[in-house]
Amino acid sequence: MSLVSAIVPSIGATGVVAGKRRTFVVQSVRSVLATAAVDIEVIVVAGLEMPVTTVDELRSLGSQVHIVDYHQAFNFSAVVNLGAAHATGEHLLLLNDDTEVISGDWLTKMLDACGPGVGAVGAKLLFEDGGLQHAGHTYRTSLDHVGFGLPGDSPGRRDVLSRRREVAGVTAACMLTPFAVFDAVGGFTELLPGNYNDVDYCMKVRMAGWSIVYEPAAALYHFESQSRVAGIHPEEIELIQRRWLTHLVDDPFTPAHV
Amino acid sequence: MTVAPDTPADRLARWTAADAAIGLAAEGEQLRAQLAERIAETADLRARLAQLGNRIAQVESENAEFRRVASRVPLRSFTRRLYRKARSVAAARRSR
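One line per chain: the protein sequences are A and L, in this order. Note that numbering that gives the first Met the number 0 gives residue 67 to position 68 of the first sequence, counting from 1, and the numbers run on in steps of one. Note that numbering that gives the first Met the number 0 gives residue 62 to position 63 of the second sequence, counting from 1, and the numbers run on in steps of one.
None of these hints come from the bench; they were simulated from the model. Glycine included, each C-beta is placed from N, C-alpha and C at the ideal position. Take the hints with a grain of salt, since some may be wrong.
Stated by the list, open to error - If you want the footprint, here are the derived chain A segments under chain L, 3+ residues with CB under 8 Å:
{"hint": "1", "region": "92-98"}
{"hint": "2", "region": "188-194"}
{"hint": "3", "region": "242-251"}
From just these sequences and the hints, can you work out the full model?
As C-alpha cells, then:
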C-alpha cells in the first residue's frame, strides 16, 4: 500500500481532556502511529511557540516523525503547504493536532474511500462529549458542518451521517487527499489564513472534476478550538464568495433538513 | 534522462502560481455569472416597461373614447333648461 504523509500543524498547545492535561500534538501523533496500519510518515509543522520538550517528545515517538519549523505569522494554509512540500507520500493526511483516533481501521477506510475520481476524503469528528462536530460540509444556506451538535451515533435523515457518501466538502481537521490532486490545484490558498481554506480547497478539487467523500467509519475526537481561538474575518467571507458563490449555494449533496 | 525531484521551494512556488491562476479563473466565472444575471434582470425590466407602455396606450385610447362619448351630451342646453325649471319652481314657492 502507498505511503501516507500526515501533515500536522501545531504550536504544541496543551489542554485538559477527560480531566487530564495533555500536549495535544503528542497524543494525536501517538494515536495515529498506534492505529495507522499503513506506511505512514508524520510531518509536524511546528510554530515558533512549540516548546523544545514537545519537539523532543515528538521525535521520541519514532523515526517516521519529522519536524518542519514554521517561523512566520500564523497562516494555516501556508503551514499545510509547507508540510506538504516536504511530504514524500502518495497521499496527504491533513490532521489537526487536537484530534485523537477512535476507530482502529480509520485510515484504511479513508484510503478505501479515496478511489479513482475522488479528490478528498473526510472523517467523522466528535467532540469530547461524543457530540457530532463534523460529518461533511454543507454549503446550501451557510458554510456549515452537516449534523453539527447531534449525538455522535445519530444516523441523520436518509442516513447521511452514517453512510459513506459524496459531500460538498470536508474539513481540513482530518482530510485525506492524493498528493497529485493537491499538486494539481495548487494546495491551500494562502489568501485564507484562518477560515474557509478547506472550503476553498474542496471547491477547487470539485471544479477540477474530482469528488469529495465523507467516510463515517473513520472516527476521531476533535477537541476543537482548544488549541486556537477561531474568529471569522469579513474579508475571508468576501473572498470565498468572490470565488465560489454560485457553486456554494448549489449544494446537491445534502437534503435540506438533516 | 532523469528528472530531478522537485524541492519544497519548487513545490511552494508552483502551488502559489496554480492557486492564483485557479482563483482568478473562478473569480472571472463568478463575474460572468453575475453579469448574466444582471443582463437577465435588465431584459426583465425592459419587458415590464413594454407591458406598462402597452397599458398606458390602452388607457389613453379608452380615455379618448370617454371624451368622445361625453362630448355628445349637449351639456349647455340641458343645464339651461334645468336652471330655468328651478327658477320657476322657486318663484312659485315665493308667491304662495
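Cross-check of the supplied hints:
Counting residues of the region 92-98 of chain A whose C-beta lies closer than 8 Å to any C-beta of chain L gives 0; at least three are required, and the coverage claim is violated. Against chain L, the region 188-194 of chain A contributes 3 residues with a C-beta closer than 8 Å to a partner C-beta. That satisfies the three-residue criterion, and the hint holds. Figure legend: the region 242-251 of chain A, annotated as covered by chain L; annotation consistent (4 residues with Cβ-Cβ distances under 8 Å, at least 3 required).
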